[in-house]
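J.: If you want the building blocks of each chain, they are given just below.
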Amino acid sequence: GAGVSQSPSNKVTEKGKDVELRCDPISGHTALYWYRQSLGQGLEFLIYFQGNSAPDKSGLPSDRFSAERTGGSVSTLTIQRTQQEDSAVYLCASSPGGVSYNEQFFGPGTRLTVL
Amino acid sequence: QKEVEQDPGPLSVPEGAIVSLNCTYSNSAFQYFMWYRQYSRKGPELLMYTYSSGNKEDGRFTAQVDKSSKYISLFIRDSQPSDSATYLCAMSYNSGGYQKVTFGTGTKLQVIP
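Chains as they are written, first to last, in this note's numbering: chain A, 1 to 115; chain L, 1 to 113.
Honestly, the hints are just simulated from the structure, not real lab data. One should not assume that every hint holds.
[As the list claims (entries may be wrong)] List of simulated lysine-lysine pairs, DSSO-like, C-alpha gap at most 30 Å:
(1) L:K56 to A:K57
(2) L:K100 to L:K42
(3) L:K42 to A:K17
(4) L:K67 to A:K57
(5) L:K42 to A:K11
(6) L:K2 to A:K57
[Unchecked claim] A few chain L positions that, by computed beta-carbon distances, are all more than 10 Å from chain A:
(7) Q31
(8) K42
(9) F61
(10) D78
Built from N, CA and C at the ideal position, the CB exists for glycine as well.
Extracted from the complex, chain L is given alone in its bound form:
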């Protein structure tokens, strides 16, 4: 079993839809929870990160962490064609003095105009 599980998709939605992306994990040591966006042939870029359980909102994006269920989500409101990309969840814990990050496999999202 992988430490972080993420549905690879692809996920196709119409413009304006609400998108829900999810990951589950097994390692209770994870402290920080991140979402990265990766456009084709580019490196991942950080969208949001949270520490511990709860919600965090940034514009059209909301990240949720439920540590009791070992489940994290990213919601995208009013999705736009420019949101079409692969979304990677990531989690980290303190390993010998640095935050070791484990990534999910990524969910490919397509927003249809």
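Extracted from the complex, chain A is given alone in its bound form:
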């Protein structure tokens, strides 16, 4: 079956512009996660969705970052007034969810460059 898909694969934008990044999780996965990966920083947790609600938004770095999930499926991460330090690869992952560990399946990421 299809894995996690993300679009666009690459995005170049100018400082101050808004960007939207999209994630299509594996069908039936109730849990969805956004991470940011910068050079030498590893994967930084941003937000977790269970269904359409986001019980953990603790990783969002500022109020310029927001995310939503509709229909328990597609999620959009929005960055307003982008800054150069927002340049990174944004990764989405999905899993079946639950209190025990479930493998997170990652998409290929969106490489964001802010000029």
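Chain A is already provided as a structure; the job is to place chain L on it using the hints.
T.: Quick look at chain L alone, frame taken from chain A:
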């Protein structure tokens, strides 16, 4: 201090060598311990996970967890050029009803033919 520490490398070994990758951590609440492999310009993929202390083997890969020392390792036997990738350790604990995962920075491995 980061919750999870991992040497970024790069680590370069000849084909056939045994590779040892390690992480240390500070949060004693971690329950699950994972190793992910990430090829260039791809998302991470899970290699192995373990629960609590002990060893787990899968083919050429062995994962070890020592909770008393807060230290985990991944061993790769008979390394192959196709093993060249970045290896990320990850750990999780139950946070408000879900497993919250913290990743290491990753170790870049190159296996020379």
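J.: If a hint holds in the structure, say so; if it does not, say that too.
T.: Hint by hint, here is what the structure shows:
no.: 1; hint: L:K56 to A:K57; result: violated (33 Å)
no.: 2; hint: L:K100 to L:K42; result: holds (22 Å)
no.: 3; hint: L:K42 to A:K17; result: holds (26 Å)
no.: 4; hint: L:K67 to A:K57; result: holds (29 Å)
no.: 5; hint: L:K42 to A:K11; result: holds (16 Å)
no.: 6; hint: L:K2 to A:K57; result: holds (20 Å)
no.: 7; hint: Q31; result: violated (7 Å)
no.: 8; hint: K42; result: violated (6 Å)
no.: 9; hint: F61; result: holds (15 Å)
no.: 10; hint: D78; result: holds (25 Å)
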